[in-house]
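Asks: The primary structure of each chain is shown beneath.
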Amino acid sequence: MGDLVPTPVLVAPTAEGARDQHMVLNMGPQHPSTHGVLRLVLEIDGEIVVRMYPEIGYLHTGIEKTCEAKFYQQVVPLTDRVDYLGPMANNLCYCLAVEKLLELEIPEKAQWIRVLLTEVTRLNSHLIWLGTHAMDIGALTVFLYTFREREEILRMFEMVSGQRMMTSYFRIGGLALEPPLGLLDRIQAFIKTFPEKIDEYSNLLTGNPIFVRRLKGVGHLSKEDAIALSVTGPVARASGIDYDVRRDNPYSSYEKFDFNVPVSNDCDVWARYVLRLEEMRQSVRIIQQALDGMPEGPVKANAPKIVLPDREAMKTQMESLIHHFKIVTEGFAVPAGEVYQAIESGHGTMGYYVVSDGTAKPWRVHMRYPGFATLQALEVMCKGRLLADVVAVIGSIDIVLGEIDR
Amino acid sequence: MAEAQNKTLADKAAVLESMPDHPAVKALVAWRANGLADARFDRGELTLSVDKSDIVPALEALEAAGYNAFEDMTAVDWYPSAPRFQLSYHILSHGLKERVRLRAMVDEADPEVESITGIWAGANYYEREVFDLFGVRFAGHPNLRRILMPDEWVGHPLRKDYPVEGYR
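Those sequence lines, one after another, are chains A and B. Per our numbering, the very first residue in the first sequence carries number 1; after that it's consecutive. Per our numbering, the very first residue in the second sequence carries number 1001; after that it's consecutive.
Check before you lean on any hint, since a few could be wrong.
[Unchecked claim] Computed list of lysine-lysine pairs in DSSO-like fashion (alpha-carbon distance at most 27 angstroms, straight line): (1) LYS1052(B) x LYS1026(B); (2) LYS65(A) x LYS1160(B); (3) LYS1007(B) x LYS100(A).
Everything labelled a hint here was simulated from the structure, so no lab data went into it.
Could you put together the complete structure from these sequences and hints?
Replies: See the structure below:
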């Protein structure tokens, strides 16, 4: 620490005499538009960005290392804290990976509730993106509107799991609990008015000449660059890559839902804005289908050695008590092997690579999060553009430092 | 994914026999007759193993076969067994809508492999992360520095002989 000359490796004068013209500017790690603790070292020529170097790791907590010291079921709460704006998506990806290792069948109702709540999570994630993105551009009002809806989503999360943000609601083998009475009605009421809310945000922003001029044609990322830099999710789809894990490699019965994957070839910040608004509408469609067709049945797999028994069974039946005691004190052994499970989170392709050596603790849990790869594309998008565009571009890639630093 | 989900093909011979038309298997067999060291199809996922010196040409062959998007790479530390490190590359094909895993084992004595940033520039941060947390070096990487840990850090935290808590 303490080196006030930032990263001499990359930011050095490009040519003889250039030293007098180029300036090294440090942006972050506490800058409000870096959405967390991202530090950008910018080499600027006047107001034009010549080079940029993202410095990350300020939120690195070694979650992957911690996972190796926990039982499989104890890892679930850790995953909440990675992408803290999409807790259910993290839970889902980890649980699917371990269930794949265990070759465990999940009851249909649990799968549908997982889809339902993951889509609500996507709305949560996109609402924060929209509010903060607009705020970075200078449209402060939208933030208040989106956080009004987000508050309702957080209350739903609290209702379902007792926690507003760190839900840990999906467990290996199903869900933690039956969803509470009234949850589905509450989601239904929310979904009924939500498309109007999207129109409301759109009315505030889409016709706003300042917002349009700050976004259109800014942060160009070509399709080739997006593939080469392994950019995924809405940013990739706004660059013309027609791939969505939910549609193309369906998991947790996504194949039973009917939805469109918006794709754009405009490749700029504006395209990402329009595309994410459309994604929210598609999420509403999926949620509506999940509510309409919600199957009946159990929410936990029939695997007494893996899934904790119901409280009542544990208190009244000897066998359940033994299972409970065994799972809590010794965990459960997972057959040796390695799996990689990818899902579509709010930011792009999230993947969990879980390696088991046959014991009750994972040998290795690797988390592939979309933000880590997308951050590499930041320089391509900002090079040769105005310094003020950097803020718009960071907003458009929907960055969450928790998932980048892990 | 559907047809062979529950079947496990434990070794190279079984994979070559059962799925010779799989584009990834085909590509690696066509690339070099003995290039494929081992193969495994387990839980619906295809794993292809190559020698560590063959990572770059094998991935080039896979890319030519339509596996166009690098998705993830990481390492696994199998300490105390040798060879110690396993590198796992996950490559996605947008056209085939399928992933394949390429793996290679790396010795502790000489933990260096070729960088794949020449094929996919997006592997840059991933290789830096593996270097930072495991200490595997990547020859030809444009900027192989620590990425998550501070620059002056000593040790590689995701190695198994590095304690989870307490002092090093």
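Asks: Are the hints correct? Go through all of them and say.
Replies: Right, here's what the structure says about each hint:
no. : hint                    : in the structure
1   : LYS1052(B) x LYS1026(B) : holds, 20 angstroms
2   : LYS65(A) x LYS1160(B)   : holds, 9 angstroms
3   : LYS1007(B) x LYS100(A)  : holds, 13 angstroms
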